[in-house]
Amino acid sequence: MTTTKKLVLIGNGMAGVWTIEHLLKLAPHAYEITIFGAEPHPNYNRILLSTVLAGGASINDIIINDHDWYRDNHITLYTGDPVIRIDADQRQVISASGLHVDYDEVIIATGSRAFIPPIPGSDKDGVIGFRDIKDCETMIATAQTHRKAAVIGGGLLGLEAARGLLNLGMDVTVIHINEHLMDRQLDLPAGLMLQEQLEAQGMKFLLGKRTVELTGKRRVTGLRFTDGESLDADLVVMAVGIRPNIDVAQSSGLTINRGIVVDDHLHTNIPHISAVGECAEHRGIGYGLVAPLYEQGAVLAKRLAGLDTAGYEGSVTSTKLKVAGVDVFSAGQFADTPQTKSLRMQDDIDSIYKKLVIQDGKLIGAVLFGDTSEGSSLFSLIKSGESIVGREKELLTGYAGGATAVSPLQRLESMADDEIVCGCNGVSKAAIGDAVLQQGCHTMGSLKACTKASASCGGCAPLVEGLLQLYAGDSAQVTVKEGMCGCTSLQRDEIVEQIKTMGLKTVKEVMNVLEWREPEGCSKCRPALNYYLGMLFPAEYEDEKESRFTNERYHANIQKDGTYSVVPRIYGGVTSPADLKKIANVAEKYNVPLVKFTGGQRLDLLGIRKEDLPKIWEELDMPSGHAYGKTLRTVKTCVGNTFCRFGTQDAMAMGIKMEKAYERLTGPAKIKLAVSGCPRNCAEATIKDLGLVAIDGGWELHVGGNGGVKVRAAELLCTVKTEEEVMEWSSAYLQYYREHARFNERTAAWIERVGLDHVKEALADQQTRLELVSRIEETLSYTSDPWKEIIAKDELRKNFEPLHQAPLTGSTTSIY
Amino acid sequence: MTKLHVGHIQDIDKKGSRTFLLGETEIALFHLSDGSIHAVENSCPHKKGRLSEGMVCGTAIHCPLHDWKIDLRSGKVQDPDEGCVHTYNTEVDPASGAIYITF
Numbered sequence: 001m002t003t004t005k006k007l008v009l010i011g012n013g014m015a016g017v018w019t020i021e022h023l024l025k026l027a028p029h030a031y032e033i034t035i036f037g038a039e040p041h042p043n044y045n046r047i048l049l050s051t052v053l054a055g056g057a058s059i060n061d062i063i064i065n066d067h068d069w070y071r072d073n074h075i076t077l078y079t080g081d082p083v084i085r086i087d088a089d090q091r092q093v094i095s096a097s098g099l100h101v102d103y104d105e106v107i108i109a110t111g112s113r114a115f116i117p118p119i120p121g122s123d124k125d126g127v128i129g130f131r132d133i134k135d136c137e138t139m140i141a142t143a144q145t146h147r148k149a150a151v152i153g154g155g156l157l158g159l160e161a162a163r164g165l166l167n168l169g170m171d172v173t174v175i176h177i178n179e180h181l182m183d184r185q186l187d188l189p190a191g192l193m194l195q196e197q198l199e200a201q202g203m204k205f206l207l208g209k210r211t212v213e214l215t216g217k218r219r220v221t222g223l224r225f226t227d228g229e230s231l232d233a234d235l236v237v238m239a240v241g242i243r244p245n246i247d248v249a250q251s252s253g254l255t256i257n258r259g260i261v262v263d264d265h266l267h268t269n270i271p272h273i274s275a276v277g278e279c280a281e282h283r284g285i286g287y288g289l290v291a292p293l294y295e296q297g298a299v300l301a302k303r304l305a306g307l308d309t310a311g312y313e314g315s316v317t318s319t320k321l322k323v324a325g326v327d328v329f330s331a332g333q334f335a336d337t338p339q340t341k342s343l344r345m346q347d348d349i350d351s352i353y354k355k356l357v358i359q360d361g362k363l364i365g366a367v368l369f370g371d372t373s374e375g376s377s378l379f380s381l382i383k384s385g386e387s388i389v390g391r392e393k394e395l396l397t398g399y400a401g402g403a404t405a406v407s408p409l410q411r412l413e414s415m416a417d418d419e420i421v422c423g424c425n426g427v428s429k430a431a432i433g434d435a436v437l438q439q440g441c442h443t444m445g446s447l448k449a450c451t452k453a454s455a456s457c458g459g460c461a462p463l464v465e466g467l468l469q470l471y472a473g474d475s476a477q478v479t480v481k482e483g484m485c486g487c488t489s490l491q492r493d494e495i496v497e498q499i500k501t502m503g504l505k506t507v508k509e510v511m512n513v514l515e516w517r518e519p520e521g522c523s524k525c526r527p528a529l530n531y532y533l534g535m536l537f538p539a540e541y542e543d544e545k546e547s548r549f550t551n552e553r554y555h556a557n558i559q560k561d562g563t564y565s566v567v568p569r570i571y572g573g574v575t576s577p578a579d580l581k582k583i584a585n586v587a588e589k590y591n592v593p594l595v596k597f598t599g600g601q602r603l604d605l606l607g608i609r610k611e612d613l614p615k616i617w618e619e620l621d622m623p624s625g626h627a628y629g630k631t632l633r634t635v636k637t638c639v640g641n642t643f644c645r646f647g648t649q650d651a652m653a654m655g656i657k658m659e660k661a662y663e664r665l666t667g668p669a670k671i672k673l674a675v676s677g678c679p680r681n682c683a684e685a686t687i688k689d690l691g692l693v694a695i696d697g698g699w700e701l702h703v704g705g706n707g708g709v710k711v712r713a714a715e716l717l718c719t720v721k722t723e724e725e726v727m728e729w730s731s732a733y734l735q736y737y738r739e740h741a742r743f744n745e746r747t748a749a750w751i752e753r754v755g756l757d758h759v760k761e762a763l764a765d766q767q768t769r770l771e772l773v774s775r776i777e778e779t780l781s782y783t784s785d786p787w788k789e790i791i792a793k794d795e796l797r798k799n800f801e802p803l804h805q806a807p808l809t810g811s812t813t814s815i816y
Numbered sequence: 001m002t003k004l005h006v007g008h009i010q011d012i013d014k015k016g017s018r019t020f021l022l023g024e025t026e027i028a029l030f031h032l033s034d035g036s037i038h039a040v041e042n043s044c045p046h047k048k049g050r051l052s053e054g055m056v057c058g059t060a061i062h063c064p065l066h067d068w069k070i071d072l073r074s075g076k077v078q079d080p081d082e083g084c085v086h087t088y089n090t091e092v093d094p095a096s097g098a099i100y101i102t103f
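So the sequences go chain by chain: A and B.
Going by the UniProt record's numbering, the first residue of the first sequence is number 1, and it counts up by one from there.
Going by the UniProt record's numbering, the first residue of the second sequence is number 1, and it counts up by one from there.
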């Protein structure tokens, strides 16, 4: 039973709407959603505000979801109307304009606001934060009429604001309370280098200064410092930090520390109220970066969708400054303590500085200045917590162990293909290479549009630029590879990897996120994506019938004249007089023009009209033989030791057992099996995807054979003694094929591509085999007979019938 | 002009099709993702494949026999193949969902 619950989101920002987007993918109809936003805009990408200031984008360009998106997803959106209170007893939220909206679940995602320190005069005109579109608009407007700007705060946000104001043509001074810039992320040497570079761009700095007053009458005219000095300014941007927006939580009785206190599942202390993003405090930490918000949002969405989740365990964060022309990276703990050891490298000539902080043989922090190309690989080392003992110096210098120095380009080259370059959008090195080489993205703009790399926080831009150089420079020598189809230049493995890492759950979503060229794909990619999704998520994925080829939609083989053929399941090819009579009766009743044995020892009724299919299935009352699908077809058998004088094992029983076990199993391509009862191999088991040949006291498993388009003899995978072992190896092999082959790739082609040794190696460990067995069994547990389903459901059955339109001369016909 | 009531929009699944006979001619009606209804003669110019059995992708239909791709709005066969199928004008009554073809 499904009832639609009411979900209210308070806050129309990145964290909240990201959560909703995820939830819609996981459980599209579970909630009736209402969103309240204090700002008058739809959801936009706050991170890109500095790009707007820099003139690289307009405000419209940074809208993530426009009004159509809300409408299409049946979300009620109230903009410019902040929520003032949650009434947990009545289960209602109450907005400033007086709206009362019922809820079953409520999410608080009110984010944070710029912290305006209580300096006298901070309420004057011309004093702003750097937080939302309005601040941005104020800066742009002020730059038209005024010249002197001061930014209070030399952290990430302050420097971005300052850079934007420089771009707007203002004279900018950054005032910072500490002795060096970005002291939360950088140590002294890196901070000084940063300052030097920014000064070269025209930024001015006053360090170690504390502001005591903002002067002026109505509008600000300057700043005064504790040391008595002063500075003229027509615009003051406060960028000393952010404070969680907790007004709603405070008035609603929620537990608050610095932010709204949440547990690993984003619960607050009051049932049915969750909090996510910058307004939340998890394990004592409030995050102000995008990656943790996305991680929290994904956990919350899963919980609200009713799915299991391990919960959120906190994030290790990294920072990259995205100020033009300066490459800065910082991650983890960069400050020295008595427990840590650090390695530093400083090159004042090329302005390069690196510092690695190590504790107990593990990398716990890093600062890079001037060359940040190793940032993401160092960041993954920090996150993984693996030991770096013995290669510390190599990591610092970027030199391969004892070898000669490598250039930054060579280092990019040696980076693993699957390494994520853009953490915000999960873009791998391979995806970037592909965009450059296959889709002709030769500018940062087109690369961004195509892959989304560096499109969110932009911190990875230097790395992406480096890769662009690497690939564009070499493109002449690189052979052009083809994508899965004309709709994408991504290949199978890249697509499957992206589906896994990004948790994509529908064909449409895959196409949207991976930037398909055709919005609805084509007859090649749609069935492939449908298969991959079903293979990856057998429990959750709802098969898309419209993405299947005709045969699989109508569960019979389409023939050249538009008629169909029907093959009932006959396990192991062993039938009975009663079943034969049933088939014969149906064939006579429906005037079946041709009855034939198939290549796999089954009976085929050919020449059937589409509208007769459901009736024929109903009267046959036998399971579908799946003769039409990318599924297990038949298990061909010989007589075996039941009657044959040479037979060493019961081939028929084994064949029936296997056909029953793998019946309805989907695959990248059709799958044919055979069982021969002795080495004479009468069932021709060595030209099958999986063939068993009985030997005295055991079974040989032959794999990768094909008797079709390209004849290929199977190769021996293993020899085993018992039936249990046969099933274990067969299941593991079939599942391994399901998980690794390209769509439409038969086992013969697949094994030729990857090599039998690879498959043997993959299946050698019993633990791995048992895991594969359990996955194939899970998949099989969700299958059902399609014929029965269609017979039972009118809405499926209608598609087999033509429409009955009114007669041409009837009353509904009008001539005019 | 003749206007013929041939069915209701809810009779056809999205990205699905239904057929009906107009005299001797079989016509396939397609219900696209954008909600629009398109009608074409149900016969591929290549080997007379029944287009109603094919896969709907965007505004195109892929013939089930040899994967020819045909634009349902214009009836034009897409490169690298050539040809055209006859298309019919359709109207959907927004209130009742009744589908009409006009010819």
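Everything labelled a hint here was simulated from the structure, so no lab data went into it.
Hints are not guaranteed to be accurate.
Computed list of lysine-lysine pairs in PhoX-like fashion (alpha-carbon distance at most 25 Å, straight line) [claimed, not checked]:
1. LYS710/A to LYS721/A
2. LYS15/B to LYS524/A
3. LYS508/A to LYS69/B
4. LYS788/A to LYS76/B
5. LYS560/A to LYS76/B
6. LYS798/A to LYS76/B
7. LYS3/B to LYS560/A
8. LYS14/B to LYS610/A
9. LYS3/B to LYS25/A
10. LYS505/A to LYS76/B
11. LYS3/B to LYS788/A
12. LYS582/A to LYS14/B
13. LYS48/B to LYS524/A
14. LYS14/B to LYS505/A
15. LYS48/B to LYS545/A
16. LYS545/A to LYS69/B
17. LYS3/B to LYS545/A
18. LYS14/B to LYS508/A
Chain A residues, not near chain B, derived (Cβ > 10 Å throughout) [claimed, not checked]:
19. GLY284
20. GLU386
21. GLU520
22. ARG553
23. TYR554
24. ALA762
Chain B is faced by these chain A residues, among others (derived, beta-carbon under 8 Å) [to be verified]:
25. LYS134
26. GLY521
27. GLU546
28. GLY562
29. LEU770
30. VAL773
31. ASN799
32. PRO802
For glycine and all other residues, C-beta sits at the position ideal for the given N, C-alpha and C.
Taking the hints in turn, this is what the structure says about them:
1. For the suggested pair LYS710/A and LYS721/A, the alpha carbons sit about 31 Å apart, so the restraint of at most 25 Å is broken.
2. Proposed proximity of LYS15/B and LYS524/A is supported: the alpha carbons are some 16 Å apart, at most 25 Å.
3. Proximity of LYS508/A to LYS69/B is assessed by CA-CA distance (about 20 Å); at most 25 Å being required, the pair is judged to hold.
4. At roughly 38 Å between alpha-carbon atoms, LYS788/A and LYS76/B are farther apart than 25 Å, so this suggested pair is violated.
5. The hinted pair formed by LYS560/A and LYS76/B meets the criterion: a straight-line CA distance of about 22 Å does not exceed 25 Å.
6. At most 25 Å may separate the alpha-carbon atoms for a hinted pair to count; LYS798/A and LYS76/B exceed this at roughly 29 Å.
7. About 33 Å separates the Cα atoms of LYS3/B and LYS560/A, which puts this hinted pair outside 25 Å; it is violated.
8. As the CA atoms of LYS14/B and LYS610/A are separated by approximately 20 Å, the hinted pair is consistent with the 25 Å bound.
9. For the given pair, LYS3/B sits about 41 Å from LYS25/A by alpha-carbon distance, which is inconsistent with the 25 Å threshold.
10. Between the alpha carbons of LYS505/A and LYS76/B the distance comes to roughly 34 Å, so the proposed pair goes past 25 Å and is violated.
11. Taken as a hint, the LYS3/B and LYS788/A pair is broken in the structure, with Cα atoms around 39 Å apart against an allowance of 25 Å.
12. Taking the CA atoms of LYS582/A and LYS14/B, the gap is near 36 Å; set against the 25 Å cutoff, the hint is violated.
13. With a C-alpha separation of about 21 Å, the suggested pair LYS48/B and LYS524/A falls inside the 25 Å cut-off, and the hint holds.
14. Between the alpha carbons of LYS14/B and LYS505/A the distance comes to roughly 19 Å, so the proposed pair stays at or under 25 Å and holds.
15. Distance restraint check for LYS48/B and LYS545/A: the Cα-Cα separation of roughly 24 Å lies within the 25 Å cut-off, and the hinted pair is therefore satisfied.
16. Restraint check for LYS545/A and LYS69/B: satisfied, since their Cα atoms lie roughly 19 Å apart, inside the 25 Å limit.
17. For the hint pairing LYS3/B with LYS545/A, the CA-to-CA distance comes to about 32 Å; that exceeds 25 Å, so the pair is violated.
18. Only pairs whose Cα atoms come within 25 Å are accepted, and LYS14/B paired with LYS508/A is accepted, the gap being roughly 14 Å.
19. Every CB of chain B lies more than 10 Å from the CB of GLY284/A, the least distance being 47 Å, so the non-interface label holds.
20. For GLU386/A, the shortest C-beta to C-beta distance to chain B comes to about 45 Å, beyond the 10 Å cut-off, and the non-interface label holds.
21. With 10 Å as the threshold on Cβ separation, the claim that GLU520/A sits away from chain B is violated: the shortest Cβ distance comes to roughly 4 Å.
22. Non-interface call for ARG553/A relative to chain B: violated, since the shortest CB-CB distance, roughly 8 Å, does not exceed 10 Å.
23. Not every beta carbon of chain B lies more than 10 Å from that of TYR554/A, the smallest distance being close to 7 Å; the non-interface claim is violated.
24. Here ALA762/A stays apart from chain B, with its beta-carbon at least about 34 Å from theirs, past the 10 Å limit.
25. The restraint placing LYS134/A at the interface with chain B is violated, with a minimum CB-CB distance near 36 Å, outside the 8 Å limit.
26. The beta carbon of GLY521/A comes within 6 Å of a beta carbon in chain B, closer than 8 Å, and the hint placing it at the interface holds.
27. Proximity of GLU546/A to chain B holds as hinted, the smallest CB-CB distance being about 4 Å (cut-off 8 Å).
28. The criterion of a C-beta within 8 Å of any C-beta in chain B is met by GLY562/A, whose closest approach is roughly 4 Å, and the hint holds.
29. A least Cβ separation of about 38 Å between LEU770/A and chain B goes past the 8 Å threshold, and the interface hint is therefore violated.
30. The criterion of a C-beta within 8 Å of any C-beta in chain B is not met by VAL773/A, whose closest approach is roughly 34 Å, and the hint is violated.
31. Against a cut-off of 8 Å between C-beta atoms, the interface hint on ASN799/A holds, since the closest Cβ of chain B lies about 6 Å away.
32. For PRO802/A, the interface hint holds, the least distance from its beta-carbon to any beta-carbon of chain B being 5 Å, beneath 8 Å.
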